[in-house]
Amino acid sequence: MNLDLSEEQEMLKKTARDFLEQECPRSLVREMEQGEKGYSPELWRKMAELGWMGLVFPEEYSGMSGNFVDLIILLGEMGRALVPGPFIPTVVSSGLPIFHHGTEEQKGNFLPEIASGELIMTLALTEPSTRFDESGTEAKAQHQFTNYSISGTKLFVPYAYVADWIICVARAEEGITLFLVPAKSPGINLTVLKTIASDKQFEVVFDDVKVPTANVLGKVGDGWKIIKQIEEWSALAWCGYEVGSLQRVLEMTVSYANERIQFERPIGSFQVIQHKCADMLMDIDGARFLTYQAAWKVSQGLAASMEISMAKAWTGEASRRVCLSGHQIHAGIGLFTDYDMELYFRRAKAMELAFGEGDFHREIIAQQLGL
Amino acid sequence: MNLDLSEEQEMLKKTARDFLEQECPRSLVREMEQGEKGYSPELWRKMAELGWMGLVFPEEYSGMSGNFVDLIILLGEMGRALVPGPFIPTVVSSGLPIFHHGTEEQKGNFLPEIASGELIMTLALTEPSTRFDESGTEAKAQHQFTNYSISGTKLFVPYAYVADWIICVARAEEGITLFLVPAKSPGINLTVLKTIASDKQFEVVFDDVKVPTANVLGKVGDGWKIIKQIEEWSALAWCGYEVGSLQRVLEMTVSYANERIQFERPIGSFQVIQHKCADMLMDIDGARFLTYQAAWKVSQGLAASMEISMAKAWTGEASRRVCLSGHQIHAGIGLFTDYDMELYFRRAKAMELAFGEGDFHREIIAQQLGL
Amino acid sequence: MDFEFSPEEKKFKQEVHQFFQSEPELCAGFMEEWHGGEGFGPKTWALLRKLGEKHWLTPTWPKKYGGLDLPYVYYCIIQEEMSYWIGLYACIGTAMAGPVILKCGTEEQKDFYLPRIARGEIEFCLGYSEPQAGSDLANLQLRAEDKGDYYLLNGQKTFNTRCHFAQYHWLAARTSSEGPKYRGISLFIVDLKTPGISITPLMTFSGERTNDVFYDDVKVPKSSLVGEPGMGFYYIMEALAYERVTPVGAYQRLFEQLLEYIKESGKGSDPVIRQKIAQLAIELEVCKLFTLNVVSAQSKGIIPVYEANAAKIFITETEQRLANTVVNIFGLRGQLQRDSKWNVLNGMFEFIYRQSLTELIMRGTSEILRNVIAQRGLGLKRR
Amino acid sequence: MDFEFSPEEKKFKQEVHQFFQSEPELCAGFMEEWHGGEGFGPKTWALLRKLGEKHWLTPTWPKKYGGLDLPYVYYCIIQEEMSYWIGLYACIGTAMAGPVILKCGTEEQKDFYLPRIARGEIEFCLGYSEPQAGSDLANLQLRAEDKGDYYLLNGQKTFNTRCHFAQYHWLAARTSSEGPKYRGISLFIVDLKTPGISITPLMTFSGERTNDVFYDDVKVPKSSLVGEPGMGFYYIMEALAYERVTPVGAYQRLFEQLLEYIKESGKGSDPVIRQKIAQLAIELEVCKLFTLNVVSAQSKGIIPVYEANAAKIFITETEQRLANTVVNIFGLRGQLQRDSKWNVLNGMFEFIYRQSLTELIMRGTSEILRNVIAQRGLGLKRR
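Protein chains in written order, with this note's numbering: chain A, 1022 to 1392; chain B, 1022 to 1392; chain C, 42 to 424; chain D, 42 to 424.
One or more hints might be untrue.
[To be verified] Subject to a maximum C-alpha distance of 20 Å in a straight line, what follows is the list of computed PhoX-like cross-link-like pairs (lysine-lysine):
1. C:K263 / C:K151
2. A:K1058 / C:K382
3. D:K54 / D:K95
4. B:K1215 / D:K382
5. B:K1058 / D:K382
6. D:K95 / D:K52
7. C:K188 / C:K260
8. A:K1067 / A:K1035
9. A:K1058 / A:K1205
10. B:K1161 / B:K1246
11. D:K84 / D:K95
12. C:K382 / A:K1215
[To be verified] Some chain C residues flagged as far from chain A (calculated, every beta-carbon gap over 12 Å):
13. K151
14. R160
15. Q293
16. F296
If you're looking for bench data, these hints aren't it; they were derived computationally from the structure. Cβ coordinates follow ideal geometry from the N, Cα and C atoms, glycine included.
Same shape as in the complex, but just chain A (with noise of 0.2 Å):
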């Protein structure tokens, strides 16, 4: 029984901190708000030269052998200082299901070059529906020869422009499958979908887009199992950067709050406002306490469905919360464009809905409790 880091951890943290300050200022955020790419290929090489891309991989594919915690450790950096770009779709949304499921030779060509920060690539799962279970997957691949032919519209694929490769899950005659389809590929059409948090998520249409067999990731027609795994290691991802962001929110807010005098005194010293911190605190407590469960039980190789559920149900409704008791004790100043709680007012809305809001893992919980 220990909840703390380990000192390698602690290390990592303080690294990814101190690093991040320095180069992922919130103008920066903003400015990629306002790009196409949406990301700072400047700042993505960086992170991959300290290795982060690589971090959950073994050292046979460049990487460095760090667990789900470490992962998780990492993202809440990112999370706080609300690294714009496609890390979770690179590196958890792809880069793990090919390590878990990928041939030698996928492995082989992706992995290193996902660690070495030259391979981005995203996941086209959702469609129209937006529902998150299999009969979600509509998208038909047809087999042709050595190639398969897919065409449906996918919804929601992040950083779609800027990916090389895009897993695309597609219904095969055997059922879900998953390809590994070039994002430059004919037929592939993008459209940027506007949204709440400004991150280039994309609609992604394929029309009778070929990619060889040789291109299936994982078995042909067993492609949902792994789906629910990427499901799962993605919503935890987002948990762990989320819990990041909401733990700044919290700093960010005593610390105006102690600073700004109305009626003769700091705000922080009037009790609401206490309490209203107190209860972020808790919530944010909450969700960290969480996530790690979660971490810890996926890097011990331990069944983690109901964690992984409780977490990001959780996490979602805190940061709401959290952000909007920010945004009260904060006031008029937070609402202005130039300053940095909107944010991640905004960032915890696209973060809560991404793979699942409350109820969706509620019902998971649910079944997992055996009802």
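Keeping the supplied structure of chain A fixed, place chains B, C and D upon it in accordance with the hints.
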């Protein structure tokens, strides 16, 4: 547009308050919790003398021709004083349906006696499934010559021990039917249930209880329509009662908060206490407006199913929030059985459950909204 | 007791309703300008003038100043309809500045400003907040020095939302630093084209433009003063009292649209969603009743201080919950904005999810308003 | 990082688990006495003695005083199991008085009290609260005058829960009225049979007996004083620090029973109920993790002040929500009490619905604890 009470209504309210402050101290309420009867025949008689039992019946039945708003005003004062006894079961759950659906003979027999306080009635509706819909009624009524024979188990029959007549809901061959049953009929067996509010609800077992066919209330087989009305009226009556209770909880709490000194100041001067009280006020205002609006609609003969469900859902949940805040502010002293606070807390839960809690009524609202 | 409007009032409501219904283009144009964040534009002015022609901007004012001498409830009816059709329900000129001028202004001020307000030709901008004076308004520092022939104004205002399109600043300035802070404040009407005034945009994250306003040796005539010097704080409070009603028409319309979507999308069969929609319906009903209660009191000439605060808190907090609940019901598509492909109901709920934060803070934060309810509504002690 | 117990700890947990499992009669008897409201009775004393025989009441104490010299985490394991099986998880003697005696008591006090505490033979009752000293404990007024040979005690305590069955009062009294209030307080151990003490029952509405305790010229020997005079307030705070863990075993067991009922009753197919049960599961998991966090810190000798307060707040507030949610899921039958026909799960949730209010207030109200979190945990300014 006018949300005020009329002069006559203000007078009714004042008279009721003055009378009950004198005649129904909380010591009486506690005494009734302990006793078998659960009400004070003396107080009952005095209330009848004031015309309360006949408030909503026409003068021809010795009533006062009041409307539902008048009734809600009176119930508010009864709730404020926590008047124990079978007022709602007798007047609202039994008297009103007899008035609206009884034969001339039934009306002539029952209503003047209710109005004079000589007759106590109650409703035997709920069964062990505790469902509020039609399928919840499994008690059987068999037609045998000029009689019906009723068999079944009814739960949560209020004040059955002191009732003279029971309206029993049972399933005849033609469908759900209401029967006027003398409470002392052979084959009726009572067991008191021990409830959070110690409010004398009973299990009533009907074992081959014979009643003449003339004792059917309304049409044979067409009783569910009446039941729905009874459920609505009774739900709304409880809202009126509870609104008065909650108003008293707030007054007690504000006055305690202004008197109780800790840290050398009245605890009511702490901002968190102030905000809790402000929230209590808003909760109660919401309950009051919803309740009055629904009662006004009923009094105008307008459809009010949705408004009643809104009032009941809100009032039930608000009552818990308000009583909980009241307890938090009273802290230690509120827990003791010689202090009034806990009486209101326990009754609030009983009221919340009576005739449907929030989820039940929200589902009705959804239906009313066309979902 | 009567929870409905009288037959005449209902008829009038119907008339206003039909007016807006018959002007879909102006309404749409208005919404575009207003939600676009820049505030009043040509469509808005055109609509206001049309309303002005009917004297519906100021129905309670005396006829000589462009009103209809109607009872207060008619004003509320118009507000509800405006809220329902175009989201906005009041101008500063009609709702706050105008009534104070009417009560405390000079004859010249009345003749000069009131008819133009009534005709929908001019708008005012509130000039209260400063960087160090938000909730603590009495702490405002912008100085107005009496120079004999004129006042000399210096200082900064912030969060002054309509300054870039209004003609006049409804300005609270410090004319004295003696005595209690709130006694040294006076109220002025300043033409925003006066030399020395500079206006800098501030953008909120719901895309609404508001402004910093800087006064740098601005000279205004003595006739700019409204009422007595040093009484500005009281006038401000009084003006607030006129503007206590928070109409809920806009939310009712949104809810109608939402309901239709829920039915059509098939989501209405989900018991969990049914519960949520029903709960929103209850809360909106409470909003409506809180507003009716304020209207009912004001109609009788009572100033319902705590009731109006309760309405403002409850309505704005409900708006935030409403938006959040609906965005989540929409799922991933809930995050899509007005101008995005695949958005739901034109992204209105995403917009409100952001914009509601402004509502929670404007016109008094929920914290300050709860203090007032507790102390003035319930009599809880201050110390 | 490790969210589980070590293999040895798990083995020990299993051993404790099996002990309780093998004593169904004592456990049932205990529960009956405790929830019956009278507190310790013969079954409770018998169970405590059995635990004492195994040294499980005081596993972290030195062996010479009846402990096992085990690390702190073993104590928490026992607490969790006690909570799971019998609801109660600590005695005042083992958890608050004992540790202070161990640290600050005289050798005589240690030899006299500690072994008997460890064997489960005696219990203490907290003597802190007074009518005018609840949250504001430093305001306590019961006087202890130093009369040379003895102390003379006069005054009243209230809400002293275990006084009618404990042997000793763990009494905070005022020995000086000079200087800051909290510096004039001293701590005493008083035999409750001392002449001049009278105990009057107070009943809470969850049926629990607590007491007013009156001291009328009560003489106690000088040796009753614990530690230094005037240091009582610090000892009290220190004792609180020992008792910061809020075990959640009892709630986990309730949740297990609830889950079984939901499954058997068929209510588990209702999507709305599924959501509620899942939400309770999440909240109970957060409770568990808050507790683990406190245990993890205390195991390292860190006193987790804000964390323990957060755990206490969150756990007790969850308990109230849990009981409310479950009572409502049960519907009309939710209101039925333990001894009623037709109750559900023996009426336990109805009982907890009432009893949780005591939990919310005991050991610091949520209000006071949130102040501490804000000021000490987050560094928000006091003025």
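Going through the earlier hints one by one, which of them does the structure break, listed in rising order? none
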